[in-house]
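We have chain G; now place chain U onto it with these hints.
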Amino acid sequence: MINAEKIKKDFPIFKRKINNKELIYLDSAATTQRPEIVINKLKEFYEKHNSNIHRGMYSLSEEATSLYEKTRERVAEFINAGKEEIIFTKNCTESINYAVFGYFSKILKKDDILLLTEMEHNSNVVPWKLLSKRIGFKIGYLTIDDSKIDLRELDEILKKRRVKVLAITHASNVLGAINPIREISRICRKYNTKLFVDGAQAVPHFKIDVNDLGCDFYAFSGHKMLGPLGVGVLYVKKELLKSLTPFISGGGTVLEVTKENLKFKEDHERFEGGTPSVADVVAFSSAIDYLNKLGMNNIKKHEEELTRYALDKLNKINDIEIYNNHLKDRVGVIAFNLKNIHAHDVASILDEEGICVRASHHCSMILHKKLGINASVRASFYVYNTKKDIDKLIKGLLKVQKVFGK
Amino acid sequence: MNIYRQNILEHYKNPDNLGNLTNFNLKCQAHNPSCGDELEIKLKIENKKIKDAKFTAKGCAISIASADILLDNIKNKNLDEVKKIDEKKLLSLLGTKLTPSRLNCALLSLQALKQIK
Numbered sequence: 154m155i156n157a158e159k160i161k162k163d164f165p166i167f168k169r170k171i172n173n174k175e176l177i178y179l180d181s182a183a184t185t186q187r188p189e190i191v192i193n194k195l196k197e198f199y200e201k202h203n204s205n206i207h208r209g210m211y212s213l214s215e216e217a218t219s220l221y222e223k224t225r226e227r228v229a230e231f232i233n234a235g236k237e238e239i240i241f242t243k244n245c246t247e248s249i250n251y252a253v254f255g256y257f258s259k260i261l262k263k264d265d266i267l268l269l270t271e272m273e274h275n276s277n278v279v280p281w282k283l284l285s286k287r288i289g290f291k292i293g294y295l296t297i298d299d300s301k302i303d304l305r306e307l308d309e310i311l312k313k314r315r316v317k318v319l320a321i322t323h324a325s326n327v328l329g330a331i332n333p334i335r336e337i338s339r340i341c342r343k344y345n346t347k348l349f350v351d352g353a354q355a356v357p358h359f360k361i362d363v364n365d366l367g368c369d370f371y372a373f374s375g376h377k378m379l380g381p382l383g384v385g386v387l388y389v390k391k392e393l394l395k396s397l398t399p400f401i402s403g404g405g406t407v408l409e410v411t412k413e414n415l416k417f418k419e420d421h422e423r424f425e426g427g428t429p430s431v432a433d434v435v436a437f438s439s440a441i442d443y444l445n446k447l448g449m450n451n452i453k454k455h456e457e458e459l460t461r462y463a464l465d466k467l468n469k470i471n472d473i474e475i476y477n478n479h480l481k482d483r484v485g486v487i488a489f490n491l492k493n494i495h496a497h498d499v500a501s502i503l504d505e506e507g508i509c510v511r512a513s514h515h516c517s518m519i520l521h522k523k524l525g526i527n528a529s530v531r532a533s534f535y536v537y538n539t540k541k542d543i544d545k546l547i548k549g550l551l552k553v554q555k556v557f558g559k
Numbered sequence: 824m825n826i827y828r829q830n831i832l833e834h835y836k837n838p839d840n841l842g843n844l845t846n847f848n849l850k851c852q853a854h855n856p857s858c859g860d861e862l863e864i865k866l867k868i869e870n871k872k873i874k875d876a877k878f879t880a881k882g883c884a885i886s887i888a889s890a891d892i893l894l895d896n897i898k899n900k901n902l903d904e905v906k907k908i909d910e911k912k913l914l915s916l917l918g919t920k921l922t923p924s925r926l927n928c929a930l931l932s933l934q935a936l937k938q939i940k
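If you're matching them up, the sequences are chains G and U in order. Under this note's numbering, the first residue of the first sequence carries the number 154, and numbering increases by one thereafter. Under this note's numbering, the first residue of the second sequence carries the number 824, and numbering increases by one thereafter.
Here chain G stands alone, though its shape is the one from the complex:
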C-alpha cells in the first residue's frame, strides 16, 4: 500500500509554504511534482556525465549516450514495448504532432474520415484539424454520454463509414474517465482502422501494456509522472516504423547527406533530430524507478481510494455540480463547479489557503461546450496526496461559499 504522508517527504517542494500555508498540490494532471531522486539525477548528470550524445569518440560522451539509451529501455519495459518502438520528444503534444505529421499526413486522403471523441484535449484535436485543413479529410466526433463513449456506436460508425483513423484519449483530463482501449482496439482491427492513443493521463496512473492494448501509436509525457519537464514519448508499433517520416529531422538522423542525396539512418536515431534534452531523459529513468518501486497497481488503488473519499465529501457540499460521479474506470481527476461562483474565484480563494487547483476549460473546449459550461474547477491527485489534502480542499470550498454567500 501507498503511504502518502511518507512519500510527501521525498518531494522537496512540499517543504515550502504558499501564502504562509502548507502547500496542498491538487494539479498533478497538469504536471506532477518531482521526488528528490529525480532532481538529484539531473544534478548528477550535469556534474558527472554532461556531454552530447552519439558520435562522441570519448568516454564522457559514451557514458551520456549509454544513460540516454538505457532510459529508452526502461521506458520500453514500463509499457511493454520494444526499445526501437520508443521515440523521445519534448512532451505528449509533440508526440501527437509527430504521429500526425510524420505518419498520418501520408495515409489520410481527401475523402477519408478521421474519428475523434468529444473528450479530447486540444492537443489531440488541433494537429488533426490543421492537417485536415491541408488535406481536406472529414473529422467526426464520437459522442460522450454520462462520461462514457459507446462501443456499439463506435462499431456502427466503423461498419457504415470507412474511418481510416481513430484518435482517442486513454483517460480524460477533465472527467477522469478511462476509455476501454483494448475493446476499442479490437473494433478498430475488425474494420482496419488505425488507432492512435493519447495516454498523457493514463500512463502515470495505472499499468500500461501497449502490446496488450493493441494500438498503433501511444503518446505520453514524462512530466506528468514525476519526470523532469521536457520529455515526451511516442510509441510506434514496429511494423509502422518504416512508414514513419522523420518529422524532426536534422543532425544525428542521417547516414549520408550530399548535394544530390539524403540517406537516413536505419535505427531509431533517424527520428530524433538535434540534441535532445539528454539530462531530462536520463533523470526520467529515476522517475520510472520510483514508480516501479511504489508499484503501478498500488498507485491505482491509492488514487481510487482518494477519489472515492473526495467524491463522498464533495457530494455533501450544497450547490455543487460534479461532472463525473462514477468510481469505476477512472483516474484521480475530479472536475466540478460551485453553483453561481465562477471557477476562477474558487481557485483564487483556494490559493489563499495554499491549495493549487486548476480553473479553466483545461484545454478541453469541445467537452466544456458539450457540458454547457465555460469553465470548471479541477482537482487531480497523485502518489503524494493524502486524505488530509482533500479535507483541506473541502474546508477551502466551504470558505469560498462563505465569502460569496449572498
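In short, the hints are calculated from the structure, not lab data. Not one of these hints is a red herring.
Under 7 angstroms between C-beta atoms, here's a sample of chain U residues computed to sit facing chain G: (1) Y827; (2) G859; (3) C883; (4) A884.
Keep in mind it's a predicted model, so treat the numbers as computed, not measured. For glycine and all other residues, C-beta sits at the position ideal for the given N, C-alpha and C.
Using the frame of chain G, we list chain U on its own:
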C-alpha cells in the same frame, strides 16, 4: 493576500450597472476565450457625453466588479475623458492587488470600452 476585499464583493453581489439599456446608441463587447468570459457594455451618449451605461456579463467576481466600478466612473463624463482611462487607472479604482493570472479578468471591461473609436 486577499483579493476579494469588501468593495469588490459589494460590487459583485449588488452591481448597480448590471442590466439592459434599451435606449442605447453604442455598444461594445469583449471576450476572453481562455476562460469563456463574455462582457457587453451598452452606452447612451448625448453630445459626446455618456448619459447612461449598463453591462451584461458571464464571468467571475473580479470581471463583474471591475465592470461595475468602471461604469460608475464613466457616467456623465465626456467621451474624450473616458478614452483616457487606462489599465493603471482602472486597477487603482479596483483598489485590490491582483495576481498576474487574474489581471485579464479585471481588464475585460476596459478591453470592451477600448473598442469605441
